[in-house]
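Number of protein chains: 4
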Amino acid sequence: MQPVRPVAPTSFKRIAVIGASGYGGLQTLRLLQDHPHFEVTFLGGERSAGKRWSELTPFLPLGDDLVVQSPDADAIAAAADAAVFSLPNGLASQLAPQLLQRGVRVVDLSADYRFPSLSQWSATYRQEAAAQQRQDDALCQQAVYGLVEWAGDALAEAKLVGAPGCFPTASLLALMPLLQQGLIEGEGIVIDAKTGTSGGGRAAKEHLLLAEAAESVSPYGVVGHRHTAEIELLASRAAGRPIQLQFTPHLMPMVRGLLATVYGRLRDPGLTAEDLTTVYQVTYRDHPCVEVLPVGTYPATKWVRQTNRAVLSVAVDQRTRQVIVMSAIDNLLKGQAGQAVQCLNVMAGLPQQTGLPLLPFYP
Amino acid sequence: MQPVRPVAPTSFKRIAVIGASGYGGLQTLRLLQDHPHFEVTFLGGERSAGKRWSELTPFLPLGDDLVVQSPDADAIAAAADAAVFSLPNGLASQLAPQLLQRGVRVVDLSADYRFPSLSQWSATYRQEAAAQQRQDDALCQQAVYGLVEWAGDALAEAKLVGAPGCFPTASLLALMPLLQQGLIEGEGIVIDAKTGTSGGGRAAKEHLLLAEAAESVSPYGVVGHRHTAEIELLASRAAGRPIQLQFTPHLMPMVRGLLATVYGRLRDPGLTAEDLTTVYQVTYRDHPCVEVLPVGTYPATKWVRQTNRAVLSVAVDQRTRQVIVMSAIDNLLKGQAGQAVQCLNVMAGLPQQTGLPLLPFYP
Amino acid sequence: MQPVRPVAPTSFKRIAVIGASGYGGLQTLRLLQDHPHFEVTFLGGERSAGKRWSELTPFLPLGDDLVVQSPDADAIAAAADAAVFSLPNGLASQLAPQLLQRGVRVVDLSADYRFPSLSQWSATYRQEAAAQQRQDDALCQQAVYGLVEWAGDALAEAKLVGAPGCFPTASLLALMPLLQQGLIEGEGIVIDAKTGTSGGGRAAKEHLLLAEAAESVSPYGVVGHRHTAEIELLASRAAGRPIQLQFTPHLMPMVRGLLATVYGRLRDPGLTAEDLTTVYQVTYRDHPCVEVLPVGTYPATKWVRQTNRAVLSVAVDQRTRQVIVMSAIDNLLKGQAGQAVQCLNVMAGLPQQTGLPLLPFYP
Amino acid sequence: MQPVRPVAPTSFKRIAVIGASGYGGLQTLRLLQDHPHFEVTFLGGERSAGKRWSELTPFLPLGDDLVVQSPDADAIAAAADAAVFSLPNGLASQLAPQLLQRGVRVVDLSADYRFPSLSQWSATYRQEAAAQQRQDDALCQQAVYGLVEWAGDALAEAKLVGAPGCFPTASLLALMPLLQQGLIEGEGIVIDAKTGTSGGGRAAKEHLLLAEAAESVSPYGVVGHRHTAEIELLASRAAGRPIQLQFTPHLMPMVRGLLATVYGRLRDPGLTAEDLTTVYQVTYRDHPCVEVLPVGTYPATKWVRQTNRAVLSVAVDQRTRQVIVMSAIDNLLKGQAGQAVQCLNVMAGLPQQTGLPLLPFYP
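Those protein sequences? They're chains F, A, D and U, same order as listed.
Under our numbering, think of the first position of the first sequence as 9, with each following residue one higher.
Under our numbering, think of the first position of the second sequence as 9, with each following residue one higher.
Under our numbering, think of the first position of the third sequence as 9, with each following residue one higher.
Under our numbering, think of the first position of the fourth sequence as 9, with each following residue one higher.
Errors might be hidden in some of the hints.
Identical copies carry no separate label here, and so any pair may be met within one copy or between two of them.
As a list, the in silico DMTMM-like pairs of lysine to aspartate or glutamate whose alpha-carbon atoms are at most 25 Å apart [claimed, not checked]:
id, residue 1, residue 2
1, K21, E47
2, K21, D42
3, K213, E240
4, K59, D82
5, K21, E157
6, K213, E63
7, K213, E282
8, K21, D276
9, K59, E214
10, K59, E282
11, K21, D72
12, K213, E54
13, K167, E47
14, K21, D144
15, K21, D161
16, K59, D72
Note that these hints are calculated values from the structure, not bench results.
This structure is a prediction, so every number in the text was calculated from the model and none was measured.
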C-alpha cells in the first residue's frame, strides 16, 4: 500500500513543459501526470505548435488534452509558475532569461546552465557557442547544478537549475563520496559508462536505428566526450583540487538504462568493500532516490528501469587496491526528466521523491 | 496531476500473494505496493520459504520486508482476506478449497478455474489432470472468469476467480464485441498472436534464453494451443453458438507485450471501420482499462508496456470483407497480475482501475 | 567440408552494384565478395560518389577498395556485364533503360519492374508514378519476376529482372503450391507477416530507432499495403483466377528476419499436414534454397538468419479445415540481395545457390 | 569474388567434435561445414548419444547426417585425426589423455589446459579441481595456449591446445603489444569487458533468459572472475614481470559479440594514438584475423558478428596519459570455435584463416 504523501500546501503548482515531444519532454509529462501536487498547464513546442496533444501522441493520453503552443515567454508566464526545458543545447539560453524576468522558475535539461561561467560552457560547447552568441554569464553563475543529492540548500531557492546529464548523474553519484572524503587518488580514475540508445534522443539518426544499434556494443566519444568536463567540474569541487579523469561512453543495444563502472585507486590499502559501503550508506541516508546495495550484490540497469532510483554497489580488489563503484540509473528518469521533477519537488518545498516511481516493474 | 482516488472504506484490505517470486507474483507485489487501498500481508512460496524478501529480491524492496512462508491455509487465513495465486497449473486447485473454507477470497492466475466444469479443464490440461486427481467440480462451476470488462455483476461477489491468460485477454477484448453483436461470421476467425518471452515464466528454459529467443520470431503451439479452448469457450458464450477458431501464438524477441491480430469476416459488407470503432467505443465506454483508437491509428505493444491498459484498433478491408482487430496488452499486467488486481478492486467495491498504471513510460 | 562448386566457364562475371551503401547494396557486396564466380567491378552511388569504399564502410573491407562513382550508364557499361540496383522505387526505371541499351543485364531490387505493365505499377505506386512520368511499359512487360523458384525458364535469358520484395517472397513461397494445385479456397486467405526493422532500410526514420522499435510489436500498412498487390498478382497467376487476400505486416523488435504465417481454407477436409508437406517437398525438390520441415517442426527466423534459405512448415487444423503455412526467410538475403544473386546465378548459367550461404551461425 | 584458397595436400583432415550441441560445438560444426579442407567424421555427446543430428538440430542440416555417439576414445581415434572439445571445465581432462595416447590431436575449448601447470589450474578452478582429482600435470605443461596470434611456432606441432576464453582473447589482443614493448605501466590496468549472453552457454539459466537479460546491462564476477588469472598469466609473460590487473565483465543484452575496453597508463607521455596504431599494425601485419582501425574509428561488435575477426582501435588522452584500446570480437567465433578452427588450420599446415569468415553480414 502506498503511504499518503505529504504535500506543501502553498507552493507553486503550475508547470510548463517546453520541448514536449522529445524523450525528455515525454517523460516529464508522464511523471507529472501521476504527481500529487504539480499540474501541467502549458505544452511548448515549435514544430508541433497548434496541434492537440492527443493527435501527436495517441499513446500517452493526458488528463487535459492541451494544444501545443509556440513557446512564447508571455504565454508561458501567464500559464505557469515553473518550466522544464527539454531543448537542444544552446536553445534554452534563448528562452530562460525571458522567463526568469517574468518570475517563472526554470529547470533546464540541456547543458546550457550546467557550468558556472559562460566561458566554461563555451569551451565545451564550441559549436553551439559559435552559433548562439550568448551573453548570460550572470545567469550561468546563478544557476544551481541540479544533482539533487549534492546540490545542497541552494536548490530550494533556485530560480534557474541546470539539471545534469545522464552520464554525469550516474558517474558523480558513484564518485563524489570517494573524492569528497579523499579516499582515492586523484589520478587514474576511469569511468566506463554504458547507455541505452534513448540517450541519443528521439530525432532520427542512422546509428541509433534498431538495425544498426541492436546486437552491437560500441564505444563513442572516446577521449574528450563533452560530459567529461561536466564530471570533472563537480569532481574537482568535491576533491578540492583539479581532477582529470577518463570517461568512455558506450552505446548499448537497449532502450533505456545507464551503468557507470567507476574505477579508482584507494589511498588506504586497508579499506574494505564493507567499509566503503558504509560510507556510501551514510552519505545517501537521507536521499531516498539512491540505494546502496550490500557488498557482493551488483546492480542491473533493469532494476531501475522506469524509476528515478540510482542503485550503487562498491567492490574492492585488495590485490590491486582498486575500488570499483557500479552505478545504475534510468537515463531518461534519474538521468533526465525524473531529476527535473526531483528538482521541482525541492524547489516547491516537497519531499524530493514526491511523485517519482522508485520501484521497477521487473522484468 | 493525479486525481484523488475514491476508496470504499469498509472493504477488505489484506492480500496474500502465493507464488511470489515468479513474474506473476512479482508484478502483483509491485502493483500492490503502490495501491491506495490494499496491503500485502502474506508472501507464500515453497522453495523460498523462510527467506526474507529483501534477500531474494534486492531489486524490489517492499515496505514491509516480509519473510516468505510456506503457503499453509491457516496461516494465510490468519493474515489475509484475499489471496492471489501465481502457481503452475494444477497446484492452485490444491490450495484454493482450503482457503475458501476459511473465508479467504481467491484470484487464481493459473488455468485451474477458468473452465466452468472440471471435465472441460481436464480435457484441455490432460497432463495436469492425470497428475492431480482434482475433485472440485463444484468450485469450477462457481468460479467467475475474471476478464473484468466481460465478467458482469458476478465478479463483485465472487469468492473464487479464474483470471484469464494473456492470450485470451487480448483476443477476447478484440473478438467479443463482434461476436456478441453478430457482426462476423462464425467460421474462418483467425487469431494471430505475438507475445514477449516473459509469458513463458521465470523458470529457466532453453528456448527462452536471450541467445535463443533474441533476433528471432517463431510460431509455437500451432493448432491446438491450450488457450484455444479458453478463447472458444468465451467466444461461443458471446456468440450464443459454438465457435471454432484458429489461434496461433508466436514468440517475439522482447520481454513483455502481447499483440493479438484478429481476423474475421463481416456479415454486412457495408460496415466501415468507423462504424465498428463506434461499436467498440460504446462497448468499452465504462471500462477505463480499455482504449479504442481512432480509425487508422494502430497500436504498438510499447504503448501499453507496464500498464494495465488494452489498446484496440479496428480496420476493415472492403474488398475482402475482412475486419482486422488489433489488440495490444502488457502480458504480465492486463494479461496477468494487473488483471488480478483489477478483479480484486471490483471484489472490494473499488473502481476497477484503482492503483493500476494506465499510462506508459514511453519509450 | 565444402564441396567444390561447379562454375560455368564462359558466362558473365563483372557486376555493378548501384546504391551500394544501403542495406540491399551492402548485402549484395558482401555476398559477391565470397562468390566463386562473380566480381564487383563498379560501385555506384550518388551521395557518396568520389569516396573510397573503405572510408565509407570501414567494417566491410572489400578486396578491391573501389571508389564509389556516380551511376553513369556509359561508365557502368564499360565496367560491368550486369548490374544490381538497390535504389528507391521510381529511380531504377530511370537508369535501367540506358543500361539495357548498352547490353548490361539488370536485376532491380525496387518495385519498378515487378508488375507486368506500367499501369499496374502506377496504380500501386501512385506517388512515385506522379513524380517520375515513366514511359517504359515495354520494359515492364519484358521484365521477369525474379522469384527464382517460380520464375521458370525465362529467368535464364532475362535481360531485366524485377526481384520480389521480402514480404512477397516469404508469402508466395508458402502460398503458391496451395493455389497452383487448387488445394485451398480462393477466399479468406490471410497473411500475417512479421519483419525485422532492417526491412525499412538504412535511412534514418523515427519509428525505426531502437528506442522506438525495441521492446515493441506493431502492425502497419493494415489494409492496402503495397505488397498486397504484388502478392495477389502472382497468387492469381498461380490460381488461374483473381485472388484477393488479406496481408498485414508487423514490425518486430529485431534486425533481420521475416516470418509469414499464411492461413487458408482447405477444399478437401481430408487432407493432412503430412499430405501437404509431401506436396511442398515435391514442389521444392530441385530448389536448394527452400527447405520444407517435417510436420510438427516450426521455423524460427533465426534458423535462416544471414542465409538465403527459406524454411517452410505446414500445419492443418482438421476441426476448422484451416491450413497454416509458416515461411521464414532473412528479409535482406532471400528477401532481397540474396535473391538478386540467386537470379544472377541463373542468368549466368550457374547452379542457383552458387556462393549463397544456406546454413545459419546459430544462435 | 573469393580467391582460391591454398590447401596443404597431405595434412590431417578428419575432425571429431565432442560436445556437439552446445554453442561451441554448433559453431565448430558450422565452420567446418564450409571448410575447404577439414571434414567432420565424429559427433560426440553424452546426452544425445544415439540420435541422428537432423533430429536434434533441424536448423543446421549437415552434409553427412551423422549419429551422435558417446565419446569413446577408441571410436574417436578410429574416426578422426583431431578432436575439438566443447565440454564443461574439468571434463576435457578426462578424455584428452586417452585421445592423445591414441594419436588424436586435441583442441580444448574449456579451461583445462590453459594453465601451464595443474596447480595453477586448480588454484583458479577450485570446485572442478576438488571434483575431478586430475593428475595430468605433464599434459598441462605440454599444452600450447591457442591464442594463434601470440602462440608462436609451437602451435604448428602441438598435440594438445588449450584454446583461450572469449574475454582473454579480446583482452590479450589489445594488451599484449603494449606490455611486450613496455609501453604502459604495469599497474593500474583496467579491462572493462562487455559480452553477449551466448557466452554463458546454451544450458538454461534464469539470469540468461531473455526476460531477465534483455533491456539490461549488469556487471558480474566483479573482482576475481576466473578469466583474470588467465589474462594475467599471459600478460605477465609478455611483460616479463608479474602483472596484476582489474578485469570486470558485464553482461550485455545481445546474443553475441564481445568488446573489451582496455585502459593503461603510457610510460612515455609523448606517444600518440597514431604512434600506437602503427605499433599495432606492425604487430598484427601477418595475422589476417586481426584488423587495426585508423585513429578515430572505433569498433562496434556488429562489425565482427559471425566472423573470426578481431577489430582493434587505439586512442590516447594526452591530458591523463591514458591509452584506451578497444577490442571487438565475436565471442563464439574468435572467442571460441573460430579460434579452435584457426588452431586446427595452423596444426594442419594451412593458412591460419582458412575457411573462416572474416567479413560481417551487416547489419
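Results of checking the hints against the structure:
{"no.": "1", "hint": "K21 / E47", "in the structure": "within (6 Å within a copy, 30 Å between copies)"}
{"no.": "2", "hint": "K21 / D42", "in the structure": "both (13 Å within a copy, 23 Å between copies)"}
{"no.": "3", "hint": "K213 / E240", "in the structure": "neither (29 Å within a copy, 35 Å between copies)"}
{"no.": "4", "hint": "K59 / D82", "in the structure": "within (20 Å within a copy, 51 Å between copies)"}
{"no.": "5", "hint": "K21 / E157", "in the structure": "within (23 Å within a copy, 36 Å between copies)"}
{"no.": "6", "hint": "K213 / E63", "in the structure": "both (24 Å within a copy, 19 Å between copies)"}
{"no.": "7", "hint": "K213 / E282", "in the structure": "neither (44 Å within a copy, 29 Å between copies)"}
{"no.": "8", "hint": "K21 / D276", "in the structure": "neither (49 Å within a copy, 53 Å between copies)"}
{"no.": "9", "hint": "K59 / E214", "in the structure": "between (28 Å within a copy, 19 Å between copies)"}
{"no.": "10", "hint": "K59 / E282", "in the structure": "between (55 Å within a copy, 23 Å between copies)"}
{"no.": "11", "hint": "K21 / D72", "in the structure": "within (15 Å within a copy, 32 Å between copies)"}
{"no.": "12", "hint": "K213 / E54", "in the structure": "both (20 Å within a copy, 20 Å between copies)"}
{"no.": "13", "hint": "K167 / E47", "in the structure": "within (19 Å within a copy, 40 Å between copies)"}
{"no.": "14", "hint": "K21 / D144", "in the structure": "neither (27 Å within a copy, 56 Å between copies)"}
{"no.": "15", "hint": "K21 / D161", "in the structure": "within (21 Å within a copy, 40 Å between copies)"}
{"no.": "16", "hint": "K59 / D72", "in the structure": "within (14 Å within a copy, 46 Å between copies)"}
Hint violations for this structure: numbers 3, 7, 8 and 14, all remaining hints satisfied.
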